[in-house]
Each structure stands twice: as structure tokens, then as C-alpha cells.
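A.B. asks: Sequence:
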Amino acid sequence: MSSLDLELLRTFVGIVDCGGFTRAGERLNRTQSTISQQIKRLEDHVGQPLLIRQGRGVALTSAGETLLTYARRMIALDDEARALLVRKESGEIIRFGVSEDFAGRHLPGVLAAFSRANPQVRLDVRADLSVRLRADYDQGELDVALFKVDEPVAGAHGSWQERLMWSAAAHHPLPDLEPVPLALFPQGCLFRRQVVERLDRMGRPWRVAYVSPSLAGVQAAVAAGMAVAPLGQSAAHPDIRVLDPAAHGLPDLTPVWFSLMVRPGTQARRRLAEAVAQQVGAVAEAA
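Okay, so the sequence shown: first residue is 1 according to the numbering used here, each after it adds one.
Be aware that one or more of the hints could be misleading.
[What the hints assert, rightly or not] The calculated DMTMM-like cross-link candidates involving lysine to aspartate or glutamate, where the alpha carbons are at most 20 Å apart (straight line), are:
| no. | residue 1 | residue 2 |
| --- | --- | --- |
| 1 | K40 | D79 |
| 2 | K40 | D17 |
| 3 | K40 | E92 |
| 4 | K40 | E7 |
| 5 | K40 | E26 |
By construction, these hints were calculated from the structure, which means they are not laboratory data.
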């Protein structure tokens with residue numbers, strides 16, 4: 001197999017992050033026909049289907065889920081290399097960590113606008129589990145961090161409540177809930193810990209049906225009817241509906257919080273935090 005085309009990978013990631021071809025076309029400033037042709041070329045190149053259309057959205061195939069992780073890495077490295085080569089003078093570096101389930105869908109536009117307005121600043125962005133981000137921030141390895149916690153963090157630049165909801169496929173029958181099939185993030189995820197503890201507390205049998213480090217992977221498993229999942233309100237998706245826990249014998253879930261932390265230092269960090277805070281606040285108000 002020859003090398004993967006980064007332009008096609010950007011289109012693929014854009015479709016996943018936007019939840020569909022139409023919205024990806026709007027973000028990437030391309031027609032839906034062009035978007036479809038590029039995905040067809042990428043699928044022909046790898047010899048496997050990557051996306052499945054579901055209603056107004058899309059779901060990842062197994063091959064698509066595998067490629068997504070590498071595509072994000074390749075794009076990030078390409079962006080970093082080009083930024084370093086075209087920058088005429090060394091500027092400030094801001095290490096920004098963000099919860100994975102918020103990063104892809106809500107922040108790319110904000111970060112791109114910040115970079116255009118602050119060309120002397122290089123953003124090093126990492127999407128990860130909140131428990132890792134908080135630990136890295138506490139150890140001084142991140143300058144700005146947006147992560148989920150059980151309670152607002154003292155001294156945070158901003159905190160916003162996130163409702164946690166049981167989610168299931170909108171266009172497929174509910175899977176057998178005996179035991180409850182769960183689509184989850186890996187160990188360490190705040191949502192995962194809460195759901196497992198509460199199911200165990202009420203004596204409700206459960207099993208892990210699907211594990212993914214990406215929000216897109218968890219959403220795909222839920223949208224396909226494989227499993228149910230605890231998802232935040234910011235992860236709303238046209239192919240996913242909210243379940244009434246009482247109607248299905250599931251435990252109620254407690255809201256969590258997004259906390260935005262900024263390490264004292266420079267005005268650029270403060271400007272980035274303000275831009276991120278505006279976006280998080282807008283998402284919270286719209287939910």
C-alpha cells in the first residue's frame with residue numbers, strides 16, 4: 001500500500017468530528033459531492049469501508065476506528081512540522097490539554113482562530129482522559145487544561161456543569177439489557193467509574209461490550225445498537241437518544257463538571273483560556 005494522503009485523512013477526521021458529510025463540507029468549505037469522492041478514494045486506497053451512513057450521521061467501521069487514531073496523529077504531526085518550518089522566529093509555546101470527548105467536536109475552530117490571531121504562539125494540544133490531564137497539570141506538564149471532575153476545582157479559571165445521561169441508538173432497537181451492555185472509555189474515565197459503581201451498588205449485572213479511547217468510537221457503538229453508554233450533554237448526536245433510567249431499571253447519574261485551569265505566566269495563556277471558556281460556556285448554555 002502506498003502512503004496515505006493527508007488531505008483525504010483530514011476529510012475523514014472532519015466527517016467524524018462533525019458527525020456527517022454535510023456539516024463536514026460546511027466546515028471544510030467543500031461540496032458534499034467532493035467530500036463523498038474523497039472518502040471513496042480513501043476507502044479504495046485502504047481496501048476497506050471506513051464509514052457507514054446512519055440517518056443524518058455516520059458510524060465508524062472497525063477499520064475506520066483503527067484509522068481514526070492514526071489519522072489524528074499524522075495530521076497533528078503535519079501541522080506541527082509545517083508550523084515550525086514557516087515560523088520565522090521562535091515564540092511562546094502553550095501546552096494545552098483537553099478532555100477527548102470535548103476536543104474534536106467543539107474546539108478546532110476556537111484553536112484555529114487563536115492561532116491565526118497569535119501567530120507568535122505555538123499550541124501543543126493533547127486530547128486525553130481527564131484523570132491524566134489533571135495529573136499532568138498538577139505536575140506542571142500543561143499550561144492550560146480543560147478536564148472533567150466530580151466537583152469544581154478550587155482556583156479554576158471557569159467551571160461548567162455537564163449533565164450525564166444514559167444514551168442509546170436512535171434508529172435501532174434497544175439491545176438486551178440483561179446484563180447491561182456498556183460502551184465505555186478506557187479505565188480512568190470519570191463516566192466509566194460512576195456508571196460501574198452505581199450499577200454494582202444496585203446489583204444490576206453489566207458487561208463491557210465496547211471500549212474506545214475516542215468519543216467517536218463510543219458514539220458509533222451506541223448508534224449501531226451494540227450498547228448503551230453514559231454520555232455528557234455536549235456529546236449529543238443525531239443518531240443517539242437519551243434513555244429514561246427509571247423506565248429501564250438503570251441508576252440515575254450525577255452531573256460532572258468541566259474545570260478550566262490556567263497556569264500563571266503569560267497574557268497568551270489568559271487569552272487562550274478566555275477563548276476556550278467562551279466556547280465551553282456556549283455549549284453548556286445550548287444543551
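A.B. asks: Determine for every hint whether it applies to the structure shown.
C.D. replies: Hint check results:
Our distance criterion of 20 Å between C-alpha atoms is broken by K40 and D79, whose separation comes to about 24 Å. Taking the CA atoms of K40 and D17, the gap is near 18 Å; set against the 20 Å cutoff, the hint holds. Restraint check for K40 and E92: not satisfied, since their Cα atoms lie roughly 40 Å apart, outside the 20 Å limit. Restraint check for K40 and E7: satisfied, since their Cα atoms lie roughly 13 Å apart, inside the 20 Å limit.
A threshold of 20 Å between alpha carbons decides the hint, and for K40 with E26 the separation of about 19 Å falls inside it, so the pair holds.
Violated hints, listed in ascending order, are 1 and 3; each of the other numbered hints is respected by the structure.
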